[in-house]
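Participant: In case you want the letters, here they are:
Protein chains: 2
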Amino acid sequence: MTAKLPPGDGNPFEVITTRTAYANDWIRVFEHQVLKPDGSPGLYGVVQYRNRAVGVVPYENGRLWLVGQWRFPLGHYSWEIPEGGSPPGEDLAATARRELREETGLEAAALELILEMHLSNSVSDEYAAVFLARGLTRGEAAPEDTERLTVHDVSLDDAYELVCAGTITDAISVAAILKLMLLSRDGRL
Amino acid sequence: MTAKLPPGDGNPFEVITTRTAYANDWIRVFEHQVLKPDGSPGLYGVVQYRNRAVGVVPYENGRLWLVGQWRFPLGHYSWEIPEGGSPPGEDLAATARRELREETGLEAAALELILEMHLSNSVSDEYAAVFLARGLTRGEAAPEDTERLTVHDVSLDDAYELVCAGTITDAISVAAILKLMLLSRDGRL
Numbered sequence: 001m002t003a004k005l006p007p008g009d010g011n012p013f014e015v016i017t018t019r020t021a022y023a024n025d026w027i028r029v030f031e032h033q034v035l036k037p038d039g040s041p042g043l044y045g046v047v048q049y050r051n052r053a054v055g056v057v058p059y060e061n062g063r064l065w066l067v068g069q070w071r072f073p074l075g076h077y078s079w080e081i082p083e084g085g086s087p088p089g090e091d092l093a094a095t096a097r098r099e100l101r102e103e104t105g106l107e108a109a110a111l112e113l114i115l116e117m118h119l120s121n122s123v124s125d126e127y128a129a130v131f132l133a134r135g136l137t138r139g140e141a142a143p144e145d146t147e148r149l150t151v152h153d154v155s156l157d158d159a160y161e162l163v164c165a166g167t168i169t170d171a172i173s174v175a176a177i178l179k180l181m182l183l184s185r186d187g188r189l
Numbered sequence: 001m002t003a004k005l006p007p008g009d010g011n012p013f014e015v016i017t018t019r020t021a022y023a024n025d026w027i028r029v030f031e032h033q034v035l036k037p038d039g040s041p042g043l044y045g046v047v048q049y050r051n052r053a054v055g056v057v058p059y060e061n062g063r064l065w066l067v068g069q070w071r072f073p074l075g076h077y078s079w080e081i082p083e084g085g086s087p088p089g090e091d092l093a094a095t096a097r098r099e100l101r102e103e104t105g106l107e108a109a110a111l112e113l114i115l116e117m118h119l120s121n122s123v124s125d126e127y128a129a130v131f132l133a134r135g136l137t138r139g140e141a142a143p144e145d146t147e148r149l150t151v152h153d154v155s156l157d158d159a160y161e162l163v164c165a166g167t168i169t170d171a172i173s174v175a176a177i178l179k180l181m182l183l184s185r186d187g188r189l
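In the order they appear, the protein sequences are chains F and P. So the first sequence is residues 1 to 189, counted in this note's numbering. So the second sequence is residues 1 to 189, counted in this note's numbering.
Treat the hints as calculated values from the structure; they're not laboratory data. Possibly wrong hints are sitting among the right ones.
Copies of the same chain look alike in the list, so a pair counts if it fits in one copy or across any two.
As the list claims (entries may be wrong) - No farther apart than 20 Å at their CA atoms in a straight line, the calculated lysine to any residue pairs in the SDA-like style are these: (1) Lys4 / Thr137; (2) Lys4 / Ser155; (3) Lys4 / Val154; (4) Lys4 / Arg52; (5) Lys4 / Pro73; (6) Lys4 / Lys36.
The task is simple: from the sequences and hints, build the whole structure.
Facilitator: Printed below as a string of structure tokens:
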């Protein structure tokens, strides 16, 4: 690791008051009255996620598994890598194994962390970890009651084409597939 | 385009009631009482974004420009490609040009849409478009009052290393840099 970036400045915002505007089992919304970097008063709404997001790409012989489901906030169907929420205190790799098993029935001999992201950092603190899962064996899927899932395997090349065409749009899946393409090009898959 | 995915099922959720739980100039939070896919009652909180997110990578001769700023929701500094919000009715490419100019002072002769994403589709409807900006000329940066920005150029290879190391974590930036690496490998940059 040789690449470096300049050190960042400190926090230019001053928080005057904070109130909880909304909370459910998944998110909390805080409204902060702040002084902005230029010193003028402003308001900052922040969506805090209780769970960290975990994505896991099951990969074997040039193919990967996608999961299709209706995404309620979007109002349409979406094909994605297996994903789920990691509650506070749960090991991220344990979440990856659990979600992989629940959504696809696959068990992985090896997991590798391939990406870490913040999904929408102007408004939320949501963190996502993406794992590559290899050494796969088949079991039985057992989705949660909020999920109605379809599992489908595609070639990595087709997955990349579907990302470039704007068919696969889920950010975790897009980044995971792009990273896998680069690992593949570098002979690391 | 030959890659295809199976057609998706319809909406398995039934909405019983909806209330607006929170709203500010950037987001609205809706709480829906629903019947889940298994028919049991549940609650779905959805964060709706007023603007679409736009990212734009200024690229020239193997280098790109990053913008550093304090991200209030994360509580830390973050290096990212230039990004901003596209209000309803504004052309996405126009937003890209504006944000590029405001944040870096650069003007682009050519913009190419290279990715479309939904950033956090289990909770929000936030859409992001990513543009590649080329044919760059220099002007004067003029950041908004909520922003205190630093501009820094890095090689594409270093940017990729910083993504892989978990130093650059902003999802739009991560996906943009990975896509640029693939375009570069394919001789398309």
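Participant: If any of the earlier hints don't hold here, list their numbers in rising order.
Facilitator: 1, 4, 5, 6
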